[in-house]
Structures are given as C-alpha cells and as structure tokens.
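Engineer: Residue numbers (this note's numbering), protein chains in the order written: chain A, 4 to 798; chain B, 457 to 922.
Do not take every clue at face value.
[Said to hold, decoys possible] The calculated BS3-like cross-link candidates involving lysine-lysine, where the alpha carbons are at most 27 Å apart (straight line), are: (1) A:Lys774 x B:Lys679; (2) A:Lys30 x B:Lys913; (3) B:Lys760 x A:Lys488; (4) A:Lys446 x B:Lys760; (5) A:Lys333 x B:Lys760; (6) B:Lys668 x A:Lys774.
[Claimed, not checked] Label-pair distances were calculated between CB atoms; the ranges are: (7) A:Pro107 x B:Val591: 27 to 37 Å; (8) B:Ala660 x A:Ala763: 25 to 35 Å; (9) A:Ala607 x B:Asp829: 49 to 59 Å; (10) B:Pro870 x A:Pro107: 52 to 62 Å; (11) B:Leu718 x A:Asp155: 25 to 35 Å.
These are calculated hints, taken from the structure and not from any lab test.
By construction, the Cβ of each residue, glycine as well, lies at the ideal position given by its N, Cα and C atoms.
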Amino acid sequence: MSFAWLFLAAFSLSAVDFQKDIQPLLKNKCSRCHSGHEAKGGFSINSRATLLDAAKPGNSADSLLYQLITSKDPDERMPSKGEPLKPGEIALIKAWIDEGIAWPAGYNFAEWRRAPLAPRKVPLPAGEGNPIDRLLAGYFAKHKIKPGELVDDRTFARRVWLDLVGLLPPVDELKKFVADKSPDKRAALVNRLLKDNRAYADHWMSFWNDHLRNAYFGPGFIDNGRAQITTWLYRSLYTNLPYDQFVSELVGGKGDAAGFVKGIKWRGAVNASQRREMQAAQNVAQVFMGTNLKCASCHNSFVNYWKLEDAYSLAAIFADNGLELHRCDKPTGKPAQMRFIFPELGSIDAKVPTNQRLQQLAKLITNDQNGRLRRVIVNRLWARLLGRGLIEPLDDVDQPAWNADLLDWLAADLATNGHDLKHTLHLICTSRTYQLPSQEAGKGAFVFRGPVPKRLQAEQFVDALSKLSGQWQDSRAFQRLDGRKQGGQIGAVSAVLGAHTPRPKPSTPPKAGKPPAPAWIWDQKNAATSAPLETIYLRKTFTLESVPKTAPTLATCDNEFELFVNGRRAGGSKNWAAPAGFDIARLLRKGRNVIAVQATNIAAGPAGFILRTQLGEQWLLTDNTWLVTKQKHADWQTLAFEIRGWKHAANAGPAGRGPWNLAAAFNAPGVPNAAITDVRAVLSRLDPLQLALGRPNRDQVVTTRDTLPTLLQALELTNGTTLDNTLKTAATKWLQAEPNPVAMANVIYQTALGRLPNPAERAIATDLLGKTPSTESTADLLWIIVMLPEFQLIR
Amino acid sequence: MNMQLNRRQFLQGTSAALGAAALPSLAKEEPKLHATADTVILCWMAGGMASTETFDPKRYTPFKKGLKSDQVLSTFPAIDTAVDHIKVCQGFEHMAKVMDRGTLIRTQVGADLGHILHSRHQYHWHTGYEPPLTVAAPHIGAWIAHARGRNHPALPAFIDIGQTPNGESEEIKAFQTGGCLGTEYGPFTIDDPANAIKAVRPPAGMSPVRFKARYQNYLRLLKASPDFQKGNSAKREQLLKSMDEAFTLLSSPAAKAFDLALEPETSAAPYGKGKFGRGCLLARRLTEVGARFIEVTSDYGPFKRWDTHENGHTRLAELKKDIDQPLAQLIRDLEERGLLNRTLIVLATEFSRDMLVEGKPDKAVRGQVHQPDVINELKFYGMHRHFTAAGSVLMFGGGASRGHLFGETADERPCKTIKDPATITDLHATIFRAMGVPTDYHVTVEQRPFYATKDGKGRPLRGVIA
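Next up, chain A with everything else stripped away, as it sits in the complex (with noise of 0.2 Å):
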C-alpha cells in the first residue's frame, strides 16, 4: 500500500459527494463493461443493490470491489482496460464505501425508462374518418410522408383475410367481393370475418397457444406436472371473451384455465428461478404486462429495474406455502414478500389462501388503472397486424413507442369497448393507415410507412395448402386425451363447438324432444349376427328445396366408416361404441344431394351402419331405402354416378338391438360432439413442415415468432415429405376438377394468389402443364405457387 494514499484517505473525513466524485469515476472507469445491459463477471454497477454484490458498507477492506482496483497484480487489477485508477481516486473509492456507499434513492446507471403505468386520455384529433388515420395524420405530416393510395381490393382481401382469420379468400367470396360496388364493403367484410366465430378461434389459438405456452404433448404431462388450457382458450376465443376477464381467468388459476398458472412442473431438482410459482411470475409479468422478470427471479436484474424481490414478491402469491428467496440459486433466508410487481394497483392480503390471492391478483391487474395491460395488448395486435409493434420489443413496453398517442387511445378505447379485442382488430383494419401499400423497413431508425410485409406463419401455410388441396387435418385424430392427458385437442374443439352451435328447431312441436330414431342398415338382414369381412357401399339421394344452416349428423359403424357429401368426405369414424358427430351442411346444396358411405367390417362378425342427420325440417335416416353394393365403382361417392345394379339396404334392426345397444344416443336430440370438419392446422401434431416453419414446441413463452426464411426450411419445402404428399393430393383434385390446362392455370392463380395469371405467367404455367396436365405436372404448378414469394408473404 502507498503511504499516498493513505494519507489522502485520512483527510477525505467528510462525506464523499456521490454526485460530485463517486458517480463521475464509476461511469467513466467501469461503467463501460459493468452497467446497463453489460455485467462482465457478473457484476453491474446499476444500482446500490446491484454494486453490494462486490461491496460492504462500511467495510473497504472486505469488499472485492476495493481489492480489485487495489490489487498489484495487473492481470487482476480493474480497470481491467485503460490506466489504473489514481490514488485520489482510490481513496475516494475507499472514503465511499467506508461511510456506508451513499447512493441517491432511485440513481440508476443504467437509466432504465420506466413508462407510466396509468391509462392516459389522449385527446382525438378532429376530422373525421378512422381515429387510427386522425392520429397518425400529424405524425405522417412530420415525416414528411404522403400517405399514397390504398391497396387494391384482392391485395385488402388476402390481408384482412389472413390477418383476422388464418385463411386465404375462397375464389367465389373474392370475385363477389371485388364485383361488389358499395362503398362501405371493405368494413362489411371485416366485420364479416370477426363474426365467423369458429374461424376467428381456429387463428388466434395459434396466437394465443404460443403466449400462454399451451402445448397439446410436451415435458411435464408425465408426472401430471402440467395442464392444457386447450378447452378454455377455444372456448374463450369463440366467444371472444372480454380481454379483462381473459386475464383474470387465466391468473386467477380456476378450472380449465389452471393450466397457464401451473407452468411446468419438471421431474426432479429444479433451479430456484424455474419453480412453477416463479414461472407464473415471469409469465404473468411478460405476457400481461410487457415486462422482463426472468433475470431478476435469479438476481437483481442487469436489463430493467426489477430486483430479486421483485420477482419473488410477484411468484409468492402463487405460492402455498411461501417462498424464501433464492439468489443465482442459493437459498438467502429471506422470505418473500407478498406484493404485485407494480404495488400502486393495490395490494394483496398474504393470509388468505392461494386461491383467494390470485382471485385479488386479477382484479388488480385487470384493474382500471392498469393502462400497461391494455397497452400491451393492443401493441400486441397492433404487431401482429402491421408486422411491426408500436412498441418494440413487444415485451418491453418500457420502451418509446412511436407514436404514443395512438397507442395510448388504442388503450384507452379497448378498455370503454368493453376490452373487445375484435372492436380493436375491427379498428385497425377499417383505417386507412391499415390500407396502405406494404412497406418493408429499411435500415437505420423505424418510420412507419405502412404495413410491413409479413411471412405467413407455419399454420397459416398449411391450411393455405389445404384449401389447395381440399385436404384438412385428420378430424378423427386426438380426440381423446391419452393416459397423461395429453393431445384430445380436436375432441375439445369440437365439444366447444357443439355446445356453442345453435341446435336447429325441429320441425313440428317437439316430441318431448326425441327424434325419430334410424335403423341400423348392412347388405343382409342377419348383419348384427354375423357377416363376413367385406366393405359395403351405401348411397342416399335427396332433395332440398333450401340449404340449412347446420346439419348435424350423427353416424357409426361396427366397424368403420368414411362418409361423403356429394363426393366429398365430411367424416368418418372407427370407433362404433362412441358414434360420431359432424356438420355436413356446408357440402350441402340446393336441389339433389347425394349421401355415400364406405363400410367396413374388418373381422366376421356382427356389422351395422346407422345415421341421423337434421336437415332443418326434415330428418335423414337410415333404412331400407338406401341403396348398397359391395362393388367399388369409380366415381361411386359423386352425385354424377350413374346407379346400375345396386340393391335396397337391409334393415338389421333399430339403434337399440344388440350387441350395440345405442338406443340412447340416437334418442336423444342434438348431436354429441358436433360439427368438425375442415379441421386446421393449429390442431395438429407439431410436424417437421410446420417446425421448420417456425411452429414452437411450448416449452418457453413465444411473442414473436422467428420468420425468417433459412436454408432447412428451403430443404423440408423442396423436398419434405409432408409437403410433397399433400401436393399429390391437391394435383389429384385438380386434375378431376379442371383438365384443361388455361382454365386449371387460371383458377389455381385464383385460388392461391387470388388474381388471373398474366399472358406470360399463363402461358409459362400452360407449357409446363402440357395440353392434358398430369399428376405430375400439375403437382409441379401447385409447388411453384406455393413457393413464390407472392405467396408465401402477406403484402
């Protein structure tokens, strides 16, 4: 030690000014690897609490941090970089700690922003039009940017119709759409989209599956360490609950939305910041309130302002038996307070049981005065639909928006709407600023110039390629949960979906609501004695004078069954004991109809094949009028097909008889299960094709997903099997829809793109289809569709 200064120290008695001499010498000489985001070796000058970690009040001598800047080995000294600090400097160091480590309440070296919790009015624009465009009308102004031309009406439809409901417009719908000369249309079908509940819910469960980490298999399932929320969130969805009361369920924890709070409960000895209770913690506090818990569930954060109380005041609440703090996982002996991250909304009674607290927990966040829950979800939509958040990034909403204003109106008016999210959506879309030509940004800082270009994500592509190729998801697949109440997500759907389906009123007055009950019908009368392997085909032709609205129709075999309307399959089932239910009205149309099964007893021994259908007034049964073969005709499921040598159905007894005794099920009104067809991509399995275009497994809370187009994706899109297989099949149905190569070309244009083919395009496609298009060529067509850029973005 330098007798220097030890002399200067003896005479620096009077208090350091942190202000004057500490804070200048801190952010010159360390600040650069140890505050802010930066914390080489862990440590980080941020704040008091932070710099404890290496220093003791009162004590230099026993503070690494005095050892460090002291010590005689240069390859040990700090400033690691740069000159030593000077024996003043020293010295003050010394003095500072010595006297306790003085440090102004709230100074932070890392100036964290910390955006204002309250709701803040923000005072609309006068004009008229959209409040979004009145908003923006001073921010484009100051940018200097003319907002141009809005898009045209095909490049509006894919928009909104991938944005708000995952899908690509059907042909006919665009072609009406763009005919059509009203000139509120565009907000029509907004509106009309929001109001098709079930293909709202099947998009934003994408959405939603991916922020609250609802995976349908994963880690956790095995010790029952882990709950889906599949029917909540559907259900929740479809009936576009209020967001308020979206969260308070979710936090709050009860029935079948406990699954979000009870996170992940993983086999064996688990990090302290990975208990399930700081898991809800950090989830609640990222996904509801746009803040970053997880480094300060392990130590004081080094990225905001949250310290490890913090974090385990939050994860407390969630705890039955409390929590004691754990800092970088070692136990601190400190217990935890229980308190909300933001405190000014109220606190919570730590003595009533867990349940009740969580019940307080979601009143306070959803309490009025929480403007960040309402600001972080609109910013939220507001990415999701413009391809870029207000806010960046979407969980930081500490963060500069750029244009507060708006964000804080769209806050404000989703809490007086009722916190409809489907008001919001409705919102954006109808503006103007929605319907400006896409703009990709550029380098350098963000100025919005209009929406940016968004990939379509891994489930949008798939159902793209399944209204291609008229080939949906498996609706027979996961409709159980397994023994670890895993998968059974289509089987919760549709139990969703039948309980919110209006049931059609019978005809006359109801018969004590019972239906007329069908037969059970085979090719011979003796079937639920005994037949032989065999596969039958049965047909039924009728007549409507108008399509219903639904069709609910309820069917099984002994043993299996597929069942087609009008040439396409609408359900099928292998299981005789559970009949199915299905929705077949929308293959359904206006004069002949044509029902046609394909049955199969796959062992000698008894065989039966039985359906009800609601046709609006009338009921479709099953009896001796049905026509049977055991001959596979081409063509034989299609109302075209020309019926030669079939013969009348037997009728093998009523629902009741034995071995199957379903009289019950086929007595009681209204369908079990009802309605699933065309079932989407969001219920499936997660697949190589969808994983490698972005899908997540669930394990961690995703906001945003990675769409960047990589090399391993490139490979599963050129030559995945999965992707190859449904080509056949979309090539398949194309060639018997349209062999005319012009016509084809132009209708897969249509159908993909939503435009006719140019000249040149036409006749590219045309020559590689050749004058009578193959399988193969036509597959070829379709995959080059579904790789061009125009189509795999939403401009």
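Given chain A's structure and the hints, the job is docking chain B onto it.
Structural biologist: Just chain B now, kept in the frame of chain A:
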C-alpha cells in the same frame, strides 16, 4: 453478508482473468481465436454408457452364481492400449490401437438434477444448460454453426444423424434445435444414415430432369410475376436465397456424400452394417466434403441400447461390437486423408452407470433399478443404475492432445472423480476452444446476453487441446 461475488467468479468473466490464466489466446482483445479444428463429430452414446465397462476399467469380477453385487466393479477385464498408462475394457480392441491419437477424459461430472432423467441430462449435455430454462437453449452444434458458419457453401452447418423420431420426441427434440438462435442454425436431421441420400435428393418419384425443370419454371414464373416486376424487396430476396440454396444443395456434387451406396465395398466394410457404424461412415464422407458439426447418435430410446436396466454385461458386449471398429476406422480414415488434424471427434454420453450407486454417491434418489445383494442370474450382472459422479469422454484429432489421460477416478466403489473433475460446461469450453469460439461467445436474447457456455464461464480442460 451482502457480497455475492467472489474473486474467482468475478475474474472468470473478465478479460483480466482470461489474460491472466493459462490461455493467453482467449483474451477478449482477440476476437478471433486460433482454432485447432474446423469440424466436430460428436459420437453420442445415448442412454448412459457405463465407464467401468468401457473406458475406465476397474477390478474385474467374472460372473458366477452367488456373486455379491458390492464386489462387482467391472464385468470386463482390462486390455492394453497403444498408450502405456491407458487401459480400456475388453471389447475395444480396435479402439485400443488408436488411443495414441487422442485424449481420454475419465471425470465427466454430471449435474445434480435430483432425479436421474435421460431427457434432462441429455439436454444438459447438448446445450450446456440444465433445463428448465426461460430461454430455448441451442444445441452445441447450433452454437458452432452460428459462430463458424458453414464449412461448405452448400452443406447445412449442423447435421444430426441417427435419432429415430418416437413418441417421446418432443422432449428429446427440445435440445435438438437451434433454440434461440433460430432454425437457421438448427440441425439438418437424418433419421437413418442408410437412407441419408433421401434427405438431399428430389422427392420420391421425381426424376432429376423434372426436378431441375421444376426449379427453372419456378424462376420463370417468379420473374413473370407482377410482384417481382414491382422492384426490389429484401423479404423476397431472403426467400429466394433460401430456395436457391436448397436447390444448389440438392443438385450439388456435395450431395453425393450422403449416398452410402457410392462407398466402395472395401472401405465401407469396416464400418459394418449397424446404424451407428453407417452413421460414422456418413460422418466421414460429410467431413471430406466439408461439414461443420455432425452428431452421430447411437439412437436414444427408453431402455434401449446404452440405457441398460438389465443384462448390462451381455448387452455391452454387443454394443461395443457396434462402435469399436467403426469408430477406430473413422479415426484412421480421417488420419489417412489428412483430415484428422482439423477434425475433433468427441465420444460422450449423458452419464455413467453403476451396479449399486444411483446418481451422486451421497444422495438418495428415487426410482432405482432393482439390484439383488447376491447375483444368481446373468441378467443382474451389469451396471444398471445411473451414475453421475464420473464418466468417460474421448476426444480425438482437431488439436486434442495425443495419448493423453485427463482426470482420475476412485478404484473402489463409489468409483467417483477424485482428481480434475470435468463439468459439462468445461467440456463444452474445450470443444469451443478447439473450434476457436470464445467461451463467452453470446447472443442477446430478450435484451440479455445468452452465452455459449453457462454464464460465459466455461474453461477449457487443462491440457486437452494441445
């Protein structure tokens, strides 16, 4: 006491320490480290390979009825190797002859995850992080792909060979991903090396002529589209680049490396017909054309292969036949082709096994395999419990010290590490060292740094990389 940091911890993460330690070349001032390898081949013995039955022989006790379990440490006798002070177990006669080409590490120490679980220990070994985490941790191959890029312009940087997809796949797949680095760096997976060519050739039933025509027509239709004619678009360019790369790979001569049918019979024969051996052969062929990171797994399945819950001795005798000659041949072939110097071959497993001790020697763990005190049946003769206190790892080529032995384990039960423990973090640091990737290499995730080795603090094992 508020102080949470100690001197060592603090210094470990700073440039001062790295400058001071035995690794001057790791100093932060030098962003590019001198790499001793350009390719890594990780041979993964999935399921838990017992070290006392493989590369760390202890007292041998032959089978006889009435044998006491607590007497048995190794069920195979030790054999000599090309290195005087290194012995391995019987069954590794081919490997014994090449032990002078690499380093044997005997002291891999696993994490204490409370309850021995293959999925979590495998996740830990492959990512360097103990799950669960709030971040999707990348596989070490993804880190290397990220840091070093491709080694051949057409080949994906990270190729993962031999894992059969199965019902547990989502848990297993959690570490077989690019994690937070994104799918760009994730593995190109080849389930079965015998069919590897399928992964890089046009879809089944499509001729090369049609495949080429399809791509050319794609470009024609692309250029004819109004979208393309409107002008430049970065998003479109990214898409087109990826498509171009896929087409290039599928029509590249490099794709031939995936076709094992092209390997002459004489040079293919030593690799045998087993899946792992074929994987080694594929790895060799890919290394020749320019791979960056290859994992060849022995294929994990619960209770399968190295996951020996019974008949350990009998099954290991068979398992060794699957790996001994192929692995030795891989080393020899690469050496012969002048590639061994720049290719680091690592053989590793999630943990070792013991007949009696489950997990750490001093911890009681639930869910142990039944082992009788007295062995009367051959099926109980073997290492059936999961042991994390010492395991063997091999490193050949790519700068690994030759004929080197790292670490020491006890000669009596529990045969735990007694000198130079090798944590997973430091094993990773050693591999990163060879590949010239700083151990505090990181990306920013959710505004915080996420490091290639845990907290950026991995330290290469002393003396392993020459």
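Engineer: Okay, which hints does this one fail, numbers in order?
Structural biologist: Of the numbered hints, 4, 5 and 11 do not hold.
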